[in-house]
Structures are given as C-alpha cells and as structure tokens.
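In order, the protein sequence lines correspond to chains A and B.
Under full-length UniProt numbering, the first residue of the first sequence carries the number 1, and numbering increases by one thereafter.
Under full-length UniProt numbering, the first residue of the second sequence carries the number 1, and numbering increases by one thereafter.
FYI, nobody ran anything at the bench for these hints, they're computed from the structure.
Treat the numbers as computed from the prediction; the structure is a model and nothing was measured.
Some hints here could point you the wrong way.
Stated by the list, open to error - Which chain A residues stay away from chain B? Per the calculated CB distances, all over 12 Å, these:
no., residue
1, Gly21
2, Lys149
3, Glu218
4, Phe237
5, Ser256
6, Pro278
As the list claims (entries may be wrong) - On the chain A side, residues computed to face chain B include the following (Cβ under 10 Å):
no., residue
7, Val18
8, Glu66
9, Met68
10, Asp73
11, His136
12, Cys284
We treat Cβ as the ideally placed atom computed from N, Cα and C, and that holds for glycine.
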Amino acid sequence: MAAEAELPAIHGRKLSTVVPGSVTGEAAVYELANIDLVMKLHYLRTVYYFKADEIIDSLTIKALKEPMFPWLDVYYPVAGRIRRTEAGRPFVKCNDCGVRIVETKCGQTLEEWLEIKDSSRWRQLVPEKVLGPDLHFSPFVFIQFTRFKCGGMAIGFSWSHILGDAITATNFINLWAQLLSNSPLKCQQHLLSPETKTEKTPIKLPASMELLPVKQVEHVGDSWLSLNNSKMATHSFQITEEKIKQLQAKESGQISSFEIISALIWQCLSKIRKDKGPKSVTICRNDTSAKRSGLLSNEQKISTVVSDFVPSKVAISELASMIAKQEVAETKMIEDLVDGQSGTPDFIVYGANLTFIDMEGVPLYELELKGRKPIHVEYSIDGVGDEGAVLVLQCPQQTYGSGGNGGKMVMLILPEDQIPPLQEELQSAWGVA
Amino acid sequence: MSIAEYFKLCCHCLFNNFLAISLVSSLMAALIEVLGLGPDEVQKLWTSFQAFDAFYLLFFWLAFIVLATVYFMSRPRPIYLVDFACYKPPASCRFPFSKFMNHSTKNEVFEPSSIEFQRKILERSGLGEDTSLPPAHHVIPFTPTMAKSREESELVLFSVVDSLFRKTKVKPRDIDILVVNCSLFSPTPSLSAMIVNKYKMRGNIRSFNLSGMGCSAGIISIDLARDELLVHANSNALVVTTEIITEQWYTGNRRSMLLANCLFRMGGAAVLLSNKRQEKRKAKYELLHVVRTHHGADDRAYRCVYQEEDAEKKIGVSLSRDLTAIAGAALKANIAALGPLVLPLSEQVLFFLNTLGRRFANPKWRPYVPDFRKAFDHFCIHAGGKAVILDMGTKLRLSEEQTEASRMTLHRFGNTSSSSPWYELGYVEAKGRMRKGDRVWQIGLGSGFKCNSAVWRCRRSVGREEEEAWADCIDQYPVQVAERDLQH
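Okay, chain A solo, but in the shape it has when bound (with noise of 0.2 Å):
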C-alpha cells in the first residue's frame, strides 16, 4: 500500500466513446459460442510503452481515434453490448454503442515511470473495468491513452475475454495500429458466427470435473466478476535468454522456454505452498500457426496436467515433459459443461487450477505506430482464481530494461502471501527473479 502513494498521480482524465464508422445493420447480433461463455469472467489487460520522439508526440488524440472509425466496422460486434435471450443465455447486441477511450496524463517521464519498481503501476495505466453491474452499456473495450511529461505515452488496453483469447484481442488492436499507420490490411478474414464453426462432435464427459481445467463459481448476476478469497497480486520479472539456454542445458531432451518455465515455477511454488500442491495444472497454449476460425473467437488450446507426486520432489525434466505431452485439448468437454439455452453456469478457467499461459506467440510487440513499437509492453488477467496463473510472454532484445537480453517476462498473478517466499525460492535455487 505504501508503494502505491508514492505513485504518481494519473491526471486529467477526459472520457468518451468512439464508434463504428458506419450504421451496422439493424438487430443485428452476435452469438456466442459456450467457449465464449466459459471465459466470460476473464478480462486482459495490456499496456503498451512508446518512447518519446517526434511520430509519437505527433500523434494527437484525432490521429488516434481516426482509423478507430473504420476499424469497428471491421469488428462491430466489440462496439456493441451484451443482452441476454428470454432463457438467459447471454448475446451481443451490435448496437454500435462503442469502445470507451479514456484520456490521461502523467506528471513523471517515461523512464521515471519504468524505473518504478512497484508490480502494480500497470493498473494505473488501464481501465480495471469489467462487465456489469449494468451490463446493458458496459463497454467490452476500454483504451486508455496516458501522455507522459516527456512526451513517451502508454496505451492500456482492456479488452473482456468473452470476446475471443489472446491472439483475438492482439490481433484486434494490431490492425487500428495498420490503420494508423496506412499499412496495407493484413487481415483477411471475416466474421463469422459460431454457427459457422465445426460441428462439435459429443465427447463423453470425464467421471469427475475436477480433471477439467475450469471451476464452477457462484452465480454472479450481472456483475462479471468473480470474488477471489485470497487477495491476488502481480509480480513481473525476466528470465534472460542465457539463462534460459543455462536451464535447458541442464535437462536432457529438447525443452522449450516456456515448458521449462512452467516446470521451474511449479516446482517452486510447490515448495513454498503449505499443502505442497498443486498436483494439477492448467496449460494454455496460444497456437498462432492454426488457422482460425473467424475474428473473434475464444480458440486457446486447454488442458490439465495431473502429477502423481508432489511436485516438489519431482524433477524439473519429468515435470517439463508432463507439460509439453499434454492431453488432448479438452476445450469441447469445457464447452459442454454449458447448458445451451440459459449459458449458465458461470465458469473461471485461470485460477481454476493453478494456470501457466504461453504468451510466446501472441504478437504484442508488433503493435506499430507509424513505424516505432513498443520499447517495453506489461499484461495481465484480472479475474483470476485463487489457484493463481502464471504467463510467459516475449522479452525482445531491444525492449526497454530486457539489457539487451532478450529471454522471457514471466508475469506471475498469485495471491499476496506466497509472492515473496516464491521469489526468495526462485532467486535462490535458480538465480531468477
């Protein structure tokens, strides 16, 4: 609480709403899919920091909302709002309500800013809202434009999972990116409702749901969020690509970043954790090779891990390779679990079990402004369960505070307690953190 005083203030807040360019036709909708419903309680939120120079400090908040015209009626289901059927079952009504932009100036630099070492800055710096209590005009989307003292400015994306995963929502501010910029479109692809995806072929349901990756919470009405027992926290650090390479170096057999990561912190965290679990993980992996299904879609492959021991006792290696021989993806037996006509009940999937999300394909940095990326980008997940999650996300080598590294950010949202021994344990057996 301490740290959060000596924050600087956010100043100067000015809100208001953009919407699609033209008139999208009247009634229209938008399904959604069960998957959909399943991440209704998830919500992502990203920041991206763009160092001070003359592009960036030419571009007025005009400029920015510009393309943003063309760009909902590309997406026009994210400017509309959430309605439910006469059963319950939720919809988007593509009312072209809007996207809300939030207006915002800082008094410090952006390197005064970056160098603060407070996990949290980042809530400063995006909308922390969610859906509902007055789901009938709460926006999905929310960006927040923050013009530093020297002229750097930070863009907080909030965008609400129901509308599709990760690469959905990466995908989505990207192209506002190629708008401003004039590039030629890169996205080809349309929108296509759920009904148009593959037919889901019935798969038998597991004995028990605890093998599943998701977690039925209380009914939570029309405010989308669901209550964490614990009080959750965020902690960022980097793993460097040496150090990465010093890891999978000690194991035998091909390893990836992101499965020895996962393995090392679980391994960890089961140290620390009084009941010496979790036994079971959920792994979600963003596939940018697959070719999906339409624009907006919910399409990250889930599955759950079970480790027979404690995985404190098990070795890096063996835990690694659970990890990267997962199961089937069992995304349709998630989407099962939903009744079809009232879309209840109301689900979590990060935080169900403890959550490692492979962030490494999803493509943050490519968010171009006229030519200049972003010198550094910080994301997290509200909504998270007790259980925790932890995301893996690209470090380029040129991103601000990486020296020149490269590696891995690892962004670690568990509860407050068991932060501080999890570092102490990973700086100590590992030298990371």
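Please arrange chain B on chain A, whose structure you already have, making use of the hints.
Then chain B, alone, in the frame of chain A:
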C-alpha cells in the same frame, strides 16, 4: 372517366386557359371578318392605313416602344439560385441511439424517468442511426463551452461554404451580400463576421446575421437576400443557414425540453443566389415567390416553441403539445397567401367560391384545401419531426413519394433546423427526380410561430452526381422507418 369527372376537367381547362382562349377566339373572329371582305373593301382598308400621317405613325411607334420598355423595366429582376451545398458530418460525429442512451445514462443530471422518456421519444422519432452530434457531445462528462460552440460553427460553416465555392467556382471576393442565420448561438463578432474573416471577403460586403428566428429562418434569409438583390444589380448573395447545437443540450428533467435533445442534430447549408447575367446560364433554379406568415399575435402560437429556464435554472427549448396543431394552422394561413400566386385559376376559383360559401351560405361547409399537387412537382417540408411531416402531408393531400424527401432527411440527418429544406432538395436531386421546369415548394416552420414558403423553378436538369451530402447513401433510400425497439 365518369361524366362528372369529365365535366370537372373541362371546367379546369376552360378556366386555366381563359385568357388564351379569349385571345384566340377574338383573333379568329377578326380574321373571319377580314377574309369576308371583298377585294375593293380591302383596298379601301389599305388606303385608309396609308393616309395616316407620318407624325401619327412615329407617335404610335414611340408610344409602343416606351410602353414596352416600361413594362420590361418594371418586371422584378430575376433571382437565380446558382447552386447549394449541404453539410455532411464526418463519421467521427456519428451518434447512434445506443451511444445516446449510454451517454445519457452516464450523465448524472438525468433522472431515470427522463432517460426512459428520451428512449421512448427516440424510438418513435423517425431518426436513423446515422445522425450526428457535434464533437463536444462525444465526451463524458458533457461540458459545453462557448469555445466548443465556435468550434462547431467553424467545422460546419467552413466546410459547407468551401463546398459551395468549389461547386460554383465563385471566388469569395465576388460575394456582394452575405446572410447568415443561426437561431440559438449568436456570438460577437457574429457568425457572418466569422465567414468574412475566414474567406477574406471585400470591405464593402453587405453582411447580415439573423439570430433567434427559429427553424423557419432559412427561408427568411432567402427573403432578405432576395430583397438585397432586387435593390442591388449585378450581385452575388451567399446565404448560410445552420443551427449550432453544442450549448443547447438540455441537462434537466422537464419533458417538454427533453424533446429537443432527441430531435435536433448537427447540420447546415450554404446557398449562392445571384442576379448576374453570367450566372443565369449555370443557375439551377429561379426564385419565383417567398411568402411569410407570422402567428406571433396569437399567444398560444407565440409560446409554442419557447426557450426558458426550468426550475433548476437549466436553459432549454420547450416544445408544447399543441405544436402539430399550431403548425397546421400556420400552414393554412400561409397557403391562403401563397395560393393566388401559384395555383392554377381553376383551383383559385374553387377556393374563392368555397370561402364565399362558408362566409355567407353555410359555415359548416368543409373548407376546401386547394390541390397543391397541381402547382408543384416537389415538396420540401421542414423535417421538424415525424408527426409534423405526416400532418402536413395529410393536410396537403400528399402521397408518400411527395413526403419522401422530408421523411428521409429526418431519418438520415435528423432535425437540422433551418437547413432541413436544403437537405430535402438535395435528396430530390440525388434521386435524379429534378427535371427542367419542375416547381419546388420549400416550407419552413419555426418558433414565433412562423410559416414561410419559398417557390423555385428548375432551370436545367440536375445530374445525380452533383449532390454530395447524400452521395454515399442515396441508394439505400427510401427506407421504411419503423418504430425502433431500443429496450431489447
């Protein structure tokens, strides 16, 4: 065709061509007389003509020339409409219903009942999803300032005047008369001074700025420009009509004032009038008549559209429930004045006989509403609201196609106040319906209560591509404007 209808048609033809018929018949009679004369009688007639003194001949010729000159000189100078341009708001100003409801809900001044009221009005308003509000309205919280009103003025006026100069190829320094009307926003220096400043117009320009005159002020501006052009020969007049609505958003809870929020939208138009000979060739229309009627003497009509403060000192324009009825009465008075100028003789005689009859014979006779469809080809009724247009249409016995321009303007642009007759004219042009010789009737209705009419005749066929404000959406029109359901 039944005997009665045939008889009616014959009477109409007879009356309408009365003069022509009598002239032709007397000429025929004279010719028959002359033909009936014998050759020596013709000789006698011819010699009697030759006997005329040279003096008398010259005298008659001179008299003839003088009379002809006096006749031609006393005819009023023709006033031409060279071209006009309507303001097309950018996509960034678009304000769909959902955004309207969202922003209204976020505005803490509105009580839930007021929001519900506005929603109901919007649903039945006849407006579409493409209407626009000025940039100040897109921000939460809504903070209107004079600076923002000026911004809106510059955005609308400069854009529309630029458009007009481009279309007509007239230079700003060639403008001799400038008339600007904007009812609610009246800064100092005036909006007309703003235009003179921006376009660096001449020092001896005759500029006028009309404010407070309501939605019918567009026609009043045309009337003023016409009077100026009748006095000053060889001149161009620029007429700019708009309503700057940034500071007019009512932020209170009185229902009669909330109506305006739901109906009024951003818009404007610029018109170039001229009496110059060189503009005659490319002019689109000729101004035939302007008829203005004022009902301010009647208290109810005077208070019908009334700007005032509510109990919380919030300023708004109150629209009374009698608006449609008062508009109907105002229209009746206007057409009584306009009728004799434009209606064919047959209709005028019928109207006269009907009035006589109601006065002396039986007051219970139904008043005869002349058939204005015989006088005009296109109708541009101020797009005040769905009810007003429907009522006017019923009173004038107009078909759906004849009220289409008004209804579609209301749908696409909303109630843009004094500039709406211009959007409607633009609609007719964009649809390719304007032909040479067509007569257009523009009706403006507004606070006062005033009903003003302008009558134009089309001088050349107008291509569809000439109209810019409607260009990108005209093919989607007409649309069936059904009542919307905004709740679900």
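**Request:** Sort out which numbered hints this structure fails and list those numbers smallest first.
**Result:** Checked against the structure, the hints that fail are numbers 1, 12, while the rest are satisfied.
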